[in-house]
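Enquirer: Throw the hints in and build the complete structure from the sequences for me.
Heads up, the final residue of the sequence shown is numbered 283 in this note's numbering, and it's a clean run with no missing numbers.
Hints in this document: simulated from the structure, not taken from any laboratory. Note that the coordinates shown come from a computational prediction; the quantities given were computed from them, not determined experimentally. Where is the CB? At the ideal position from N, CA and C, for every residue including glycine. Take these hints with a grain of salt, some might be off.
To be verified - Computed list of lysine to aspartate or glutamate pairs in EDC-like fashion (alpha-carbon distance at most 16 Å, straight line):
(1) Lys170 - Glu219
(2) Lys196 - Glu(-7)
(3) Lys222 - Glu254
What the hints assert, rightly or not - Across the chosen pairs, the derived CB separations fall in these ranges:
(4) Asp269 - Asp48: 39 to 45 Å
(5) Phe122 - His246: 41 to 47 Å
(6) Pro258 - Arg150: 19 to 25 Å
(7) Thr226 - His53: 43 to 49 Å
(8) Ala49 - Trp124: 22 to 28 Å
(9) Gly166 - Arg121: 43 to 49 Å
(10) Ser52 - Glu15: 20 to 26 Å
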Amino acid sequence: MVEAMRVLVTGGTGFIGGYVCAQLEASGDAPTVLDRHGRLPWSFETVLGDVRDSAAVDAAVSHTQGVIHLAAVLGTQETVQRPGFAAEVNILGSLNVFEACVHYRVPCVYIGVGNHWMDNPYSISKTTAERFAWMFRKERGLRIAIVRAYNAYGPRQKARPVRKIMPNLILPALKGGPIKVYGDGLQVMDMIHVRDVADVLVRAIKMDKAAAPTHVLEAGTGRKTTVLEIAKAVLTATRSLSPIDHLPMRPGETEHAEVVARPETLAPLGEFDFVRLEDGIQETVEWYRGART
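Expert: Laid out in structure tokens, this is it:
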């Protein structure tokens, strides 16, 4: 592992980005955020800019020693009607980041998606950028690690505008209203606490060059949990009697999908002690309960 670094975090005002910046700071590093949004409840240095703006990206990368590239348009369902926008940000924006990293000889970590095989604009665009990352590594000499993050959850995750499973189960349960499950709820997920995702990303950017992995790092626990099991765990944690409403599958999603990580791919980063799902759900429930008061 290298010593303290100046690290640029694109999309650093987002859910995962905030935890990454906090983890970097706790490790003695100096995070700088590049984001279109200036809303950051912490004191990290923030540069307003869009990854689609190559000049803004170039300027930001020129002052750093590493880049964790998180900026993206999210949403399996939400991007179906706006595939062009997803492609602009997730593909062209990523190309700008990769080009700048090559120019300044700066290492990069790219966050991919666990559902890389799904046919929705989010998965397609993120996976296209992942393939470009491999091309830049092979043909342009970019030092890059690819981390596919699975289903991150935890305190501070927003329920909107992109529908994420945990807040959209917990918030209705706390109110006593019905919670929505799409399809029969037998889709299999790999839930990983956001602090653990941040830990993987920070370890990846600080790897020695000689130890850089030549395979995708899958940030997940490997534990298979169905959506229905997660919903029932939330009801237990909230002590709620909310009914479960089953609704039709949403556009861009696959019924009975199984999206589970292979945590053994993380071996180059060392040992991990991931947060147990039941403990993470309880912590997250308590945060939402406090945020409502």
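Enquirer: All hints, please: hold or fail.
Expert: Here's how the hints hold up against the structure:
1. Lys170 - Glu219: holds, 13 Å
2. Lys196 - Glu(-7): The given pair, whose Cα atoms are some 8 Å apart, holds under the 16 Å limit.
3. Lys222 - Glu254: Given pair Lys222, Glu254 is violated - Cα atoms ~28 Å apart, limit 16 Å.
4. Asp269 - Asp48: 39 to 45 Å: Holds - the Cβ-Cβ distance for Asp269 and Asp48, about 43 Å, lies within 39 to 45 Å.
5. Phe122 - His246: 41 to 47 Å: violated, 30 Å
6. Pro258 - Arg150: 19 to 25 Å: Taking Cβ atoms as reference, Pro258 and Arg150 lie about 37 Å apart, which means the hint is violated.
7. Thr226 - His53: 43 to 49 Å: holds, 48 Å
8. Ala49 - Trp124: 22 to 28 Å: With a Cβ separation near 26 Å, Ala49 and Trp124 satisfy 22 to 28 Å, so the hint holds.
9. Gly166 - Arg121: 43 to 49 Å: Check passed, 46 Å falls within 43 to 49 Å.
10. Ser52 - Glu15: 20 to 26 Å: holds, 22 Å
Of the numbered hints stated above, those contradicted by the structure are hints 3, 5, 6, listed in ascending order.
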